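K.L.:
The chain contents come next:
Number of protein chains: 2
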Amino acid sequence: MNFEEKIDLLNQLLEENRFKTLREEIVELNEVDISEFIEMLPKEKAIIVFRFLPKDLAAEVFANLETEAQQRIIHEITDQELGHILDEMFMDDMVDMMEELPAGVVKRVLKNTDEATRGTINAFLKYPKDSAGSIMTAEFTNLRANMSVKEAINYIRKHGADSETLYNAYVIDSNRVLDGVITLRTLLLNRDDEIVSDLMEDDVTKVHISDDKEDVAYLFNRYDYLSLPVVDSEDRLVGIITYDDIIDVMEDETTEDFELMAATIPSGKAYLKTPAWELARNRIVWLTVLMISGVITGGILSRYEESFTAIPLLVTFIPMLTNTGGNAGSQASTLVIRGMVLNEIEVSDGLKVLWKEFRVSLIAGLFLAVINYIRLYISYPGQEKVVLVVSLAIFATVILAKVVGGLLPMAAKVFKLDPAIMAAPLITTIVDAMSLMLYFVLAGWILNL
Amino acid sequence: MNFEEKIDLLNQLLEENRFKTLREEIVELNEVDISEFIEMLPKEKAIIVFRFLPKDLAAEVFANLETEAQQRIIHEITDQELGHILDEMFMDDMVDMMEELPAGVVKRVLKNTDEATRGTINAFLKYPKDSAGSIMTAEFTNLRANMSVKEAINYIRKHGADSETLYNAYVIDSNRVLDGVITLRTLLLNRDDEIVSDLMEDDVTKVHISDDKEDVAYLFNRYDYLSLPVVDSEDRLVGIITYDDIIDVMEDETTEDFELMAATIPSGKAYLKTPAWELARNRIVWLTVLMISGVITGGILSRYEESFTAIPLLVTFIPMLTNTGGNAGSQASTLVIRGMVLNEIEVSDGLKVLWKEFRVSLIAGLFLAVINYIRLYISYPGQEKVVLVVSLAIFATVILAKVVGGLLPMAAKVFKLDPAIMAAPLITTIVDAMSLMLYFVLAGWILNL
Numbered sequence: 001m002n003f004e005e006k007i008d009l010l011n012q013l014l015e016e017n018r019f020k021t022l023r024e025e026i027v028e029l030n031e032v033d034i035s036e037f038i039e040m041l042p043k044e045k046a047i048i049v050f051r052f053l054p055k056d057l058a059a060e061v062f063a064n065l066e067t068e069a070q071q072r073i074i075h076e077i078t079d080q081e082l083g084h085i086l087d088e089m090f091m092d093d094m095v096d097m098m099e100e101l102p103a104g105v106v107k108r109v110l111k112n113t114d115e116a117t118r119g120t121i122n123a124f125l126k127y128p129k130d131s132a133g134s135i136m137t138a139e140f141t142n143l144r145a146n147m148s149v150k151e152a153i154n155y156i157r158k159h160g161a162d163s164e165t166l167y168n169a170y171v172i173d174s175n176r177v178l179d180g181v182i183t184l185r186t187l188l189l190n191r192d193d194e195i196v197s198d199l200m201e202d203d204v205t206k207v208h209i210s211d212d213k214e215d216v217a218y219l220f221n222r223y224d225y226l227s228l229p230v231v232d233s234e235d236r237l238v239g240i241i242t243y244d245d246i247i248d249v250m251e252d253e254t255t256e257d258f259e260l261m262a263a264t265i266p267s268g269k270a271y272l273k274t275p276a277w278e279l280a281r282n283r284i285v286w287l288t289v290l291m292i293s294g295v296i297t298g299g300i301l302s303r304y305e306e307s308f309t310a311i312p313l314l315v316t317f318i319p320m321l322t323n324t325g326g327n328a329g330s331q332a333s334t335l336v337i338r339g340m341v342l343n344e345i346e347v348s349d350g351l352k353v354l355w356k357e358f359r360v361s362l363i364a365g366l367f368l369a370v371i372n373y374i375r376l377y378i379s380y381p382g383q384e385k386v387v388l389v390v391s392l393a394i395f396a397t398v399i400l401a402k403v404v405g406g407l408l409p410m411a412a413k414v415f416k417l418d419p420a421i422m423a424a425p426l427i428t429t430i431v432d433a434m435s436l437m438l439y440f441v442l443a444g445w446i447l448n449l
Numbered sequence: 001m002n003f004e005e006k007i008d009l010l011n012q013l014l015e016e017n018r019f020k021t022l023r024e025e026i027v028e029l030n031e032v033d034i035s036e037f038i039e040m041l042p043k044e045k046a047i048i049v050f051r052f053l054p055k056d057l058a059a060e061v062f063a064n065l066e067t068e069a070q071q072r073i074i075h076e077i078t079d080q081e082l083g084h085i086l087d088e089m090f091m092d093d094m095v096d097m098m099e100e101l102p103a104g105v106v107k108r109v110l111k112n113t114d115e116a117t118r119g120t121i122n123a124f125l126k127y128p129k130d131s132a133g134s135i136m137t138a139e140f141t142n143l144r145a146n147m148s149v150k151e152a153i154n155y156i157r158k159h160g161a162d163s164e165t166l167y168n169a170y171v172i173d174s175n176r177v178l179d180g181v182i183t184l185r186t187l188l189l190n191r192d193d194e195i196v197s198d199l200m201e202d203d204v205t206k207v208h209i210s211d212d213k214e215d216v217a218y219l220f221n222r223y224d225y226l227s228l229p230v231v232d233s234e235d236r237l238v239g240i241i242t243y244d245d246i247i248d249v250m251e252d253e254t255t256e257d258f259e260l261m262a263a264t265i266p267s268g269k270a271y272l273k274t275p276a277w278e279l280a281r282n283r284i285v286w287l288t289v290l291m292i293s294g295v296i297t298g299g300i301l302s303r304y305e306e307s308f309t310a311i312p313l314l315v316t317f318i319p320m321l322t323n324t325g326g327n328a329g330s331q332a333s334t335l336v337i338r339g340m341v342l343n344e345i346e347v348s349d350g351l352k353v354l355w356k357e358f359r360v361s362l363i364a365g366l367f368l369a370v371i372n373y374i375r376l377y378i379s380y381p382g383q384e385k386v387v388l389v390v391s392l393a394i395f396a397t398v399i400l401a402k403v404v405g406g407l408l409p410m411a412a413k414v415f416k417l418d419p420a421i422m423a424a425p426l427i428t429t430i431v432d433a434m435s436l437m438l439y440f441v442l443a444g445w446i447l448n449l
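Protein chains in written order, with this note's numbering: chain F, 1 to 449; chain Y, 1 to 449.
Careful, some of the hints might be misleading.
Pairs of lysine-lysine, DSS-like flavour, derived with a Cα cap of 25 Å [what the hints assert, rightly or not]: (1) F:6 with Y:206; (2) Y:352 with F:43; (3) F:206 with Y:6; (4) Y:413 with F:269; (5) F:352 with Y:107; (6) F:45 with F:413; (7) Y:413 with F:352; (8) F:43 with F:6; (9) Y:45 with Y:20; (10) Y:129 with Y:20; (11) F:150 with Y:150; (12) F:352 with Y:269; (13) Y:20 with Y:43; (14) F:269 with Y:269; (15) Y:45 with Y:55; (16) F:413 with Y:45; (17) F:129 with F:43; (18) Y:107 with F:273; (19) F:158 with Y:129; (20) F:150 with Y:158; (21) F:45 with F:6; (22) Y:107 with Y:43; (23) Y:352 with Y:45; (24) F:273 with Y:111; (25) F:158 with Y:150; (26) F:55 with F:129; (27) Y:273 with Y:129; (28) F:413 with Y:269.
With beta-carbon atoms standing in for the labels, derived distance ranges [stated by the list, open to error]: (29) F:288 with Y:210: 46 to 52 Å; (30) F:11 with Y:175: 35 to 41 Å; (31) F:416 with Y:118: 41 to 47 Å; (32) Y:128 with F:161: 54 to 60 Å.
Computed, partial: chain Y to chain F, Cβ under 10 Å [what the hints assert, rightly or not]: (33) 236; (34) 321; (35) 446; (36) 449.
Honestly, the hints are just simulated from the structure, not real lab data. Here the structure is a predicted model, which means the values were calculated and not measured. For every residue, glycine included, the Cβ atom is placed at its ideal position computed from N, Cα and C.
Working from the sequences, and respecting the hints, build out all of it.
P.N.:
Spelled out as structure tokens, the structure:
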């Protein structure tokens with residue numbers, strides 16, 4: 001049975017008030033699916049279904065719900081029920097939730113946690129939005145360096161239930177300074193009497209609370225870690241970041257790149273869940289800037305008014321020429337931006353990119369110019385000179401567009417800007433102006449205008 | 001010490017022939033870093049460094065090398081050394097390598113594996129390129145349902161060394177049919193005398209050998225799995241897929257989307273490592289198609305030649321108008337494409353998208369039209385009617401562009417095409433034609449041309 005069929009079955013059971021079967025079916029589901037089901041339900045039914053869940057599952061489902069649904073449930077349940085859920089939740093999920101909830105609800109949530117948790121939550125909430133601290137969790141397994149493998153495994157079995165992962169254990173000294181890391185794999189594959197300090201990795205890859213989460217994602221990606229330790233300025237272990245949160249970071253960063261590259265201010269929300277006025281606001285800024293920058297192309301065109309009133313045919317090719325330039329430029333900029341995101345291209349590779357785009361544009365420009373020449377030569381008999389102007393303009397535009405498109409994202413990086421803003425929309429605007437200028441200069445020479 | 005500093009140190013040690021220290025330093029590094037260091041070295045030095053590595057580390061480093069470097073090393077080492085490396089390598093890495101190596105080298109590699117491995121490699125090589133089978137590995141841990149927790153843990157400790165992950169164990173029956181899955185976490189957190197079949201998840205999420213790897217990535221992403229079992233048509237467990245390979249799949253798919261959205265044929269290679277002629281070839285196809293589709297805008301413009309020779313000022317605003325349309329359209333199409341990739345937007349949401357884009361475009365179009373009217377009214381005194389034409393054209397273009405931009409990616413999906421091709425370049429071309437038509441029709445009415 002796939003997810004949709006399961007949802008249909010659950011809805012039917014709910015409608016027929018067959019709560020016992022419903023409960024049996026629902027606890028078999030993954031918490032992600034249960035959350036999605038609850039989000040689909042009207043308020044009263046959502047709370048009925050939520051109350052069916054056993055305690056730990058309820059906490060997992062709750063952590064997966066979107067803020068609105070969390071809020072609705074908090075509103076309906078007792079303080080005691082809320083306390084149970086909060087007890088079972090991981091710190092990173094709790095902090096994520098707190099960041100979104102309105103102040104009044106946060107107050108009630110904090111009231112229902114114990115004092116230690118309250119302190120940790122307040123500390124975690126202070127970490128900057130994009131920092132490692134903002135995505136870490138406080139529940140990890142720590143071992144002592146002098147434990148034997150047997151002691152370590154027993155310790156994990158006894159105390160591990162609250163840890164977000166058991167698969168990496170962190171070795172700390174009495175001041176909580178991070179000394180090493182050991183995987184559960186290493187523990188299990190070694191003899192019981194071996195000592196943790198002999199087996200652990202002591203040159204630990206770690207991140208600092210204030211490190212940018214994108215840099216943390218890069219480490220996970222490069223080395224395939226399951227989790228990474230987060231330390232404070234005294235090298236004390238304060239939390240861990242797990243791969244599942246990093247997958248979300250990677251996905252959000254990619255979405256942000258797509259949005260930036262389409263000249264939209266990133267919203268951090270799913271498309272269908274963003275109100276129309278908010279989508280409009282995020283898009284208007286760049287649309288306006290780019291529209292007003294049309295003053296440049298307008299200026300160029302009005303300077304050459306005499307040329308195109310003398311030979312109106314010249315106007316016919318303007319959209320084709322500017323589009324080809326825009327496309328050629330955004331091909332280059334997109335590939336370079338993506339290469340920079342993947343750390344395949346560094347700022348120091350500037351000359352390599354320049355040389356590569358130059359060769360690519362020579363090949364592509366020549367090809368397009370020839371195709372264009374042949375096509376127009378046949379379609380516009382007797383206009384050989386105009387056809388030559390258009391073809392030469394295409395050749396030069398492709399070269400210019402690709403070189404500019406390849407270099408601008410790198411220039412952005414040098415000036416500490418996100419390379420993604422140097423994408424199609426901006427490149428198109430810049431290349432448009434250059435290609436129109438070229439076109440009319442060539443027309444002036446060849447057609448004696 | 002960061003990666004660059006380490007590399008400098010290693011290079012210095014290598015230059016000074018201080019091999020003992022070099023070896024000590026190098027075995028402390030992560031295999032990913034060692035691979036990158038070896039790839040930077042000239043051939044003779046690369047093989048010296050590679051031979052310093054202990055056996056298991058050598059296999060891990062080897063698996064991380066790019067094909068060219070692997071080939072150089074295979075060429076230099078003895079059959080016995082090659083056999084040792086192959087023994088230690090995981091099946092998925094071996095198959096990845098085989099797919100890239102030239103036939104002669106593959107032959108030599110196969111000769112140095114045992115018969116069982118050779119059979120598995122040959123079977124794995126037959127799975128289609130984008131299938132689950134092509135990214136799975138054959139080394140997993142399997143348990144029997146009637147084992148106790150203690151027996152299971154002992155079994156894993158004894159037989160787990162060759163498994164790619166110990167953290168999910170698969171329960172199979174005597175016909176290798178998949179019966180359940182149990183995490184190492186569950187095993188460790190339960191009492192020694194509990195029975196695996198009582199603890200395991202028996203409604204196992206699994207994928208079929210021929211499933212598309214993008215669908216597999218979606219499952220990992222939705223449910224945060226560490227690994228998923230792969231079964232054949234008789235439901236027999238044939239391999240597993242681990243999260244690290246899925247991160248690569250996700251990254252490749254995203255790169256492919258970026259390439260497609262920039263009207264480039266995906267190359268599957270890093271930018272700096274793709275030869276110029278290959279980059280040119282991947283870009284020329286769409287550039288040519290889009291350039292030739294300029295015949296449409298050209299046709300429209302030549303139909304209205306009389307209009308713009310009568311009022312040449314109209315030409316001045318063409319690039320601004322078409323760019324605004326292109327940008328407005330690609331904002332919509334990019335967000336919808338990304339939403340579809342993330343499974344946030346389904347084809348059945350078509351009406352919702354239409355309604356949303358319609359409202360967004362009303363707001364954005366009105367705003368842009370007003371700004372434009374004010375700007376042009378000031379800049380072009382006495383041309384109120386032309387200014388009105390341009391502003392109305394912008395308003396209508398933004399609406400058209402956003403609705404078309406929002407719907408075309410969904411239409412692509414209906415026709416089983418990748419929505420990513422309905423991105424900026426194609427949308428721009430389509431919207432250009434529509435906006436120019438609108439512009440001159442409006443000009444005809446309002447200016448009586």
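K.L.:
Hint by hint, note whether the structure agrees.
P.N.:
Status of each hint after checking the structure:
1. With a C-alpha separation of about 17 Å, the suggested pair residue 6 of chain F and residue 206 of chain Y falls inside the 25 Å cut-off, and the hint holds.
2. About 22 Å separates the Cα atoms of residue 352 of chain Y and residue 43 of chain F, which keeps this hinted pair within 25 Å; it holds.
3. About 17 Å separates the Cα atoms of residue 206 of chain F and residue 6 of chain Y, which keeps this hinted pair within 25 Å; it holds.
4. With a CA separation close to 23 Å, the supplied pair residue 413 of chain Y and residue 269 of chain F stays within the 25 Å bound.
5. For the suggested pair residue 352 of chain F and residue 107 of chain Y, the alpha carbons sit about 36 Å apart, so the restraint of at most 25 Å is broken.
6. At roughly 51 Å between alpha-carbon atoms, residue 45 of chain F and residue 413 of chain F are farther apart than 25 Å, so this suggested pair is violated.
7. Distance hint between residue 413 of chain Y and residue 352 of chain F is unfulfilled; the C-alpha atoms sit about 38 Å from each other, more than 25 Å.
8. Using a Cα cut-off of 25 Å, the hinted pair residue 43 of chain F and residue 6 of chain F holds, with the two alpha carbons roughly 20 Å apart.
9. Only pairs whose Cα atoms come within 25 Å are accepted, and residue 45 of chain Y paired with residue 20 of chain Y is accepted, the gap being roughly 15 Å.
10. Taking the CA atoms of residue 129 of chain Y and residue 20 of chain Y, the gap is near 43 Å; set against the 25 Å cutoff, the hint is violated.
11. Restraint check: the Cα-Cα separation between residue 150 of chain F and residue 150 of chain Y comes to about 14 Å, which is no more than 25 Å; the hinted pair holds.
12. The straight-line distance between the Cα atoms of residue 352 of chain F and residue 269 of chain Y is roughly 16 Å, inside the 25 Å bound, and the hint therefore holds.
13. For a cut-off of 25 Å, the pair hint linking residue 20 of chain Y to residue 43 of chain Y stands: about 20 Å separates their Cα positions.
14. For the given pair, residue 269 of chain F sits about 31 Å from residue 269 of chain Y by alpha-carbon distance, which is inconsistent with the 25 Å threshold.
15. Between the alpha carbons of residue 45 of chain Y and residue 55 of chain Y the distance comes to roughly 18 Å, so the proposed pair stays at or under 25 Å and holds.
16. Straight-line distance between C-alpha atoms of residue 413 of chain F and residue 45 of chain Y comes to about 34 Å, which puts the hinted pair past the 25 Å bound.
17. Proposed proximity of residue 129 of chain F and residue 43 of chain F is contradicted: the alpha carbons are some 31 Å apart, above 25 Å.
18. Only pairs whose Cα atoms come within 25 Å are accepted, and residue 107 of chain Y paired with residue 273 of chain F is rejected, the gap being roughly 55 Å.
19. Between the alpha carbons of residue 158 of chain F and residue 129 of chain Y the distance comes to roughly 45 Å, so the proposed pair goes past 25 Å and is violated.
20. Restraint check for residue 150 of chain F and residue 158 of chain Y: satisfied, since their Cα atoms lie roughly 15 Å apart, inside the 25 Å limit.
21. About 17 Å separates the Cα atoms of residue 45 of chain F and residue 6 of chain F, which keeps this hinted pair within 25 Å; it holds.
22. Under the criterion of a C-alpha separation no larger than 25 Å, the hint pairing residue 107 of chain Y with residue 43 of chain Y is consistent with the structure, at around 22 Å.
23. Under the criterion of a C-alpha separation no larger than 25 Å, the hint pairing residue 352 of chain Y with residue 45 of chain Y is inconsistent with the structure, at around 61 Å.
24. Using a Cα cut-off of 25 Å, the hinted pair residue 273 of chain F and residue 111 of chain Y is violated, with the two alpha carbons roughly 57 Å apart.
25. Taken as a hint, the residue 158 of chain F and residue 150 of chain Y pair is honoured in the structure, with Cα atoms around 15 Å apart against an allowance of 25 Å.
26. For the proposed pair residue 55 of chain F and residue 129 of chain F, the alpha carbon gap of about 31 Å is over 25 Å, so the pair is violated.
27. Distance hint between residue 273 of chain Y and residue 129 of chain Y is fulfilled; the C-alpha atoms sit about 21 Å from each other, no more than 25 Å.
28. Using a Cα cut-off of 25 Å, the hinted pair residue 413 of chain F and residue 269 of chain Y holds, with the two alpha carbons roughly 23 Å apart.
29. At roughly 50 Å, the beta-carbon separation of residue 288 of chain F and residue 210 of chain Y lies within the given 46 to 52 Å, and the hint holds.
30. Between residue 11 of chain F and residue 175 of chain Y, the C-beta spacing of about 37 Å keeps the proposed range 35 to 41 Å intact.
31. Remark: the range hint 41 to 47 Å for residue 416 of chain F to residue 118 of chain Y is contradicted by a beta-carbon distance near 53 Å.
32. In this structure, residue 128 of chain Y and residue 161 of chain F break the distance hint of 54 to 60 Å, their C-beta atoms being roughly 43 Å apart.
33. A distance limit of 10 Å between C-beta atoms decides the matter here; for residue 236 of chain Y the minimum to chain F is near 21 Å, and the interface restraint is violated.
34. Because the beta carbon of residue 321 of chain Y sits about 8 Å from the nearest beta carbon in chain F, less than 10 Å, this interface hint is met.
35. Taken as an interface hint, residue 446 of chain Y does not check out: its beta carbon lies about 19 Å from the nearest beta carbon of chain F, beyond 10 Å.
36. Using the Cβ-Cβ criterion of 10 Å, the hint placing residue 449 of chain Y at the interface with chain F is not satisfied: the shortest such distance is roughly 14 Å.
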